[in-house]
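Protein chains: 2
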Amino acid sequence: MGKRNLYLKNTPVDEALSKYLKALDGLLVPEREVIPAAESLGRVTAQAVYARYCSPLYNAAAMDGIAVEAERTKGASEREPLLLRAGEDFTVVDTGDPIHAPHDAVIMAEDLLEQEDGSVQITEAAAAWQHVRPIGEDIVAGEMLLPGYHVIRPIDIGVLLAGGITQLEVWKKPSVAIFPTGTEIIEPGQDPKDGDIIESNSRMFEAMAREQGADPTRFSPIADDYERLRQAVSDAVDSFDLVIVNAGSSAGTEDYTVHVLRELGEVLIHGVAIKPGKPVILAIVRGKPVIGLPGYPVSAYINFENFVIPVLNRLSGRTGRTAPQAEAVLSRRLVSSLKYREYVRVKVGKVDDRLVASPLARGAGAAMSLVRADGFCVIPQSSEGVEAGEKVTVELYRTMDEIDHTVVAIGSHDLILDVMADLMPALYPGNYLSSTHVGSMGGLMALRRGEAHLAPTHLLDEETGVYNIPTLKRMFTEPMALIKGVDRIQGILVKKGNPLGIRGIADLPGVHYVNRQRGAGTRVLFDYLLKKEGISADAIRGYDREAATHMAVAAAIAGGDADAGMGIESAARAMGLDFIEVGPEEYDFAVPVRFLELLHVQRFLDVLKSREFAERVEALGGYSLRQTGTVLYL
Amino acid sequence: MGKRNLYLKNTPVDEALSKYLKALDGLLVPEREVIPAAESLGRVTAQAVYARYCSPLYNAAAMDGIAVEAERTKGASEREPLLLRAGEDFTVVDTGDPIHAPHDAVIMAEDLLEQEDGSVQITEAAAAWQHVRPIGEDIVAGEMLLPGYHVIRPIDIGVLLAGGITQLEVWKKPSVAIFPTGTEIIEPGQDPKDGDIIESNSRMFEAMAREQGADPTRFSPIADDYERLRQAVSDAVDSFDLVIVNAGSSAGTEDYTVHVLRELGEVLIHGVAIKPGKPVILAIVRGKPVIGLPGYPVSAYINFENFVIPVLNRLSGRTGRTAPQAEAVLSRRLVSSLKYREYVRVKVGKVDDRLVASPLARGAGAAMSLVRADGFCVIPQSSEGVEAGEKVTVELYRTMDEIDHTVVAIGSHDLILDVMADLMPALYPGNYLSSTHVGSMGGLMALRRGEAHLAPTHLLDEETGVYNIPTLKRMFTEPMALIKGVDRIQGILVKKGNPLGIRGIADLPGVHYVNRQRGAGTRVLFDYLLKKEGISADAIRGYDREAATHMAVAAAIAGGDADAGMGIESAARAMGLDFIEVGPEEYDFAVPVRFLELLHVQRFLDVLKSREFAERVEALGGYSLRQTGTVLYL
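So the protein sequences, as listed, match chains A and B.
Each residue of the first sequence is one higher than the last, beginning at 43 in the working numbering.
Each residue of the second sequence is one higher than the last, beginning at 43 in the working numbering.
Treat the hints loosely; a few may be bogus.
Identical chains blur together in the list; that is why a pair holds if it fits in one copy or across any two.
Stated by the list, open to error - Here are the simulated DSS-like pairs of lysine-lysine, each with C-alpha atoms no more than 25 Å apart in a straight line:
| # | residue 1 | residue 2 |
| --- | --- | --- |
| 1 | K537 | K235 |
| 2 | K433 | K392 |
| 3 | K381 | K433 |
| 4 | K64 | K651 |
| 5 | K51 | K381 |
| 6 | K538 | K235 |
These are computed hints drawn from the structure, not numbers from a lab.
This structure is a prediction, so every number in the text was calculated from the model and none was measured.
One chain only, chain A, in its complex shape:
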């Protein structure tokens, strides 16, 4: 079986990081450089910056009007107005103009009675220093404008320049070398063949490093070749501040990274108690940090956040970096192991003024779960999990304002939900749709627990043959409405050309079938159809093989290891499969009546009835918009 790397340790996250940073103490020495203040946005001050000039630079008029000597206006009143002569008694000033001795006050233009000859009358004495901005009111020369270790914002650039600072010393951007490795990986844009993996992590790292104020260089992929990797890392530590080697940090037969790093330097940590993301390598080679990150995108991302960013911050002078946090109620039970600190991606929605966090797919490979996530929920290593309904702290990726204006849909999946999510902010800026796919029944349960605004559902009532309404009436006691969605065609998805000649449900026994998960409307329909045909579930090979969406069913068939599965026509089209029509069904949205008045739920309805939506659904094919947007009060 070859040489395997079975010696991964399980060091707790904080212990691993602090051991590493301690070992790097004195080695991570940030460098300084002098740059123009006007181009310093986002850079970090290397030391405190002191003003060269005052602002204002002189006593200045704070209003448009006239500059006078206050003493000489004494006694002016409504009854005994005082006449002031231009040049002699006053000078006309605009806001910002300098006030020179003996003048020490400004009278506003509005308070003057102008005379024909250019003199003015005043009816009130001026107090000394009224409407005058004293020299240095805003900035005093010698005053500290910015402390060291400060990330420069637009307003900072303004005061730097106003205070006479045109150049300043900042920390140099740390340089980061990124090495993708692996014989199986190919560059994006190349046509993938069987066994190929498109290299995408390095570009993600590049963007993450850039966001942290670093200067990344991404190298071309290196095949699994001990000598080439050794040479590349050895060269890189001479010219970069930090080196990242991606993949090859696990314990597989071709994972050379740890051996290379052991030969070149010292491996301090190999394996961390984190999930996803265990196989991380923290090493030091010739005084430079070298970090090996796992290949799975989610593992790679989480470890970059946990280990690379703290090292980068030491080099860039940044201190800390935290996402905004919020308390939310967990929608589903989360079991976690005492062996790991676990990072669970969650969707976060605000329903009835309560923040609800719904866990997403937990696999290390589920990069889309990171894209779809509104935040992370961290389960500490010391916890065995969290019960549904308990409070958890969520690190948010989105602003609370966005979350406040997001319609939360939990239930059955259909491609039209993606279209809706796309159209919401396009047609009504600032409004969003978030959808989580747990099947029709799962959605209705979530609705009942107050975790969603609406539940996309297509549940056939076997007795009446009516969709959705009977189930809703049975399950809910509060006033409910049904927003009619689309009629869509359900059918059997089969390989292009239908090689097995499947014509209907009766032909399914014997072929490799891929089913949907329990509670999915499509599975309910399938069970109903099997019963009607008198076929037992045992006769279906693959009845227990569950896919979570129509598209996952389609992918399994397109991939070649399943012959048939039930699903919708648009999924068949998207994956180039043949489709055997079984019949139409009604895909609607269950919604408690009290949510109908919410502005963003109204926007959802508006989008559903829009021309843009109709056009997009038309293009997908397989749908009818017969009743779309009609609201039935049950």
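Start from chain A and add chain B according to the hints.
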């Protein structure tokens, strides 16, 4: 007095913006462009992006081990292990390797008993599809990867590439022309003469536009010349998406902007009910938005946020933009006018788990108040103000994490506070000092109200001649400590060369004096010294002229309109003044004992006792570190 623009209206903020955006409806048409996915960080998708490939691209091993046909492993158990032969019964696979039919399961390496001849024994049957990542588990071809109007993050770049997308359509960056205007303004780097104003707003706008994903072009300043400004704006609307004219939006004699815009196009709004920032111009010239912003930096900043960013967002496809908000208790009463919506800059501190917001200087020219602010508190137009102790909503500029680790000091000002603020994050990353200057007595009052962790104070007890301790004992009932700070020399600041020959307090009657505000320790000392000399306050010309800090006193004297003022030696040095020593005083930090155990307060103490602090204070001059860092329990 020339032609004045007295016709500023007072349109409510929301009304002004919605009128403007309505008028621009159909005119703000964002453009699209196609860019490489790898370089799309921070850009905004112009339309939904769909995956070209599945990820994984094929059924893939999720573990290192062997790929088998599950059916053929049936019956294997501890008692009756099954022997599998390489090639025939299984293939060795690493994580990520493709699984080909008839194989449909992976058995982990850990569960195998390897034999001499390369065959393996298993003691448990494999379930179909165990440890296999099915094709499309993460991304299914045809699935929506990103909706339209989505700001691209690092993880998005990862899934785009993994899903086969190397190019995508984004909204083009809107182009913005920025015109600084005014005869009195000079470019940064030029030596300012009397009446000159260093132009700094345009660089701030540039940075703000860049942060919003726009592409700004900043032009050289234009003097107040009607024809030149008309030509510049007229040319700019032909080649830019948005034009900003800075200053010249007020009602002064030389404010041409509104006249120019009226000639070239339509001025929809001139004057908005906002403070600071009233004189804003919202115009449309040949179908392009042209915005006139006021010259005061804070007004300019607030109006950029309120009016420029919403227009930019329409052009860049961004929706919304909100700072995180938090509820805080207001430390001081805020009076506001029904004529304006007011934006008050606040410092925000966390004391005893309570968030406290302390208002900063409210002037439109106080750019440093924006730099020092931790956030804004918005007083609606409909409110006459907020009482001390009431809750307000603060838009935060800093993260809660930073605020949690910030020592809040309110009280007397000294330059060493700047040094401390600079050293805190440098020596102890992630720890900060925030200081607000309200004088010694103001600080002790704030401490008593629970708004600060510590109060810098130098209050002389007239009876005992002892600093700080008697006052603390009198004012507090809870257990207090005094952290000894520095001994510093107080004295009289006079012009370079001491032209009036001032030797002491007795020489002050008759000269122009600049005093400190009520409650300042320096003023208490001055009153004490006057009394000792038998001089009445009335004899001091300028006794009522108040400056808020030592540096402001020094600036007034350096600026030429005051002859003398009391203050510390370091302020005299910073502004090149002469200094007549009066005597040493003790500048300490009052702190409730319960705060001494807070980690960041401990860090404050550590910094106070550090070598770095001693060196910096040494360089300032005028201090003694005799007892620095000693804690006295009172």
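Taking the hints in turn, this is what the structure says about them:
no., hint, result
1, K537 / K235, "within (20 Å within a copy, 82 Å between copies)"
2, K433 / K392, "both (14 Å within a copy, 23 Å between copies)"
3, K381 / K433, "within (22 Å within a copy, 44 Å between copies)"
4, K64 / K651, "between (60 Å within a copy, 23 Å between copies)"
5, K51 / K381, "within (11 Å within a copy, 66 Å between copies)"
6, K538 / K235, "within (20 Å within a copy, 81 Å between copies)"
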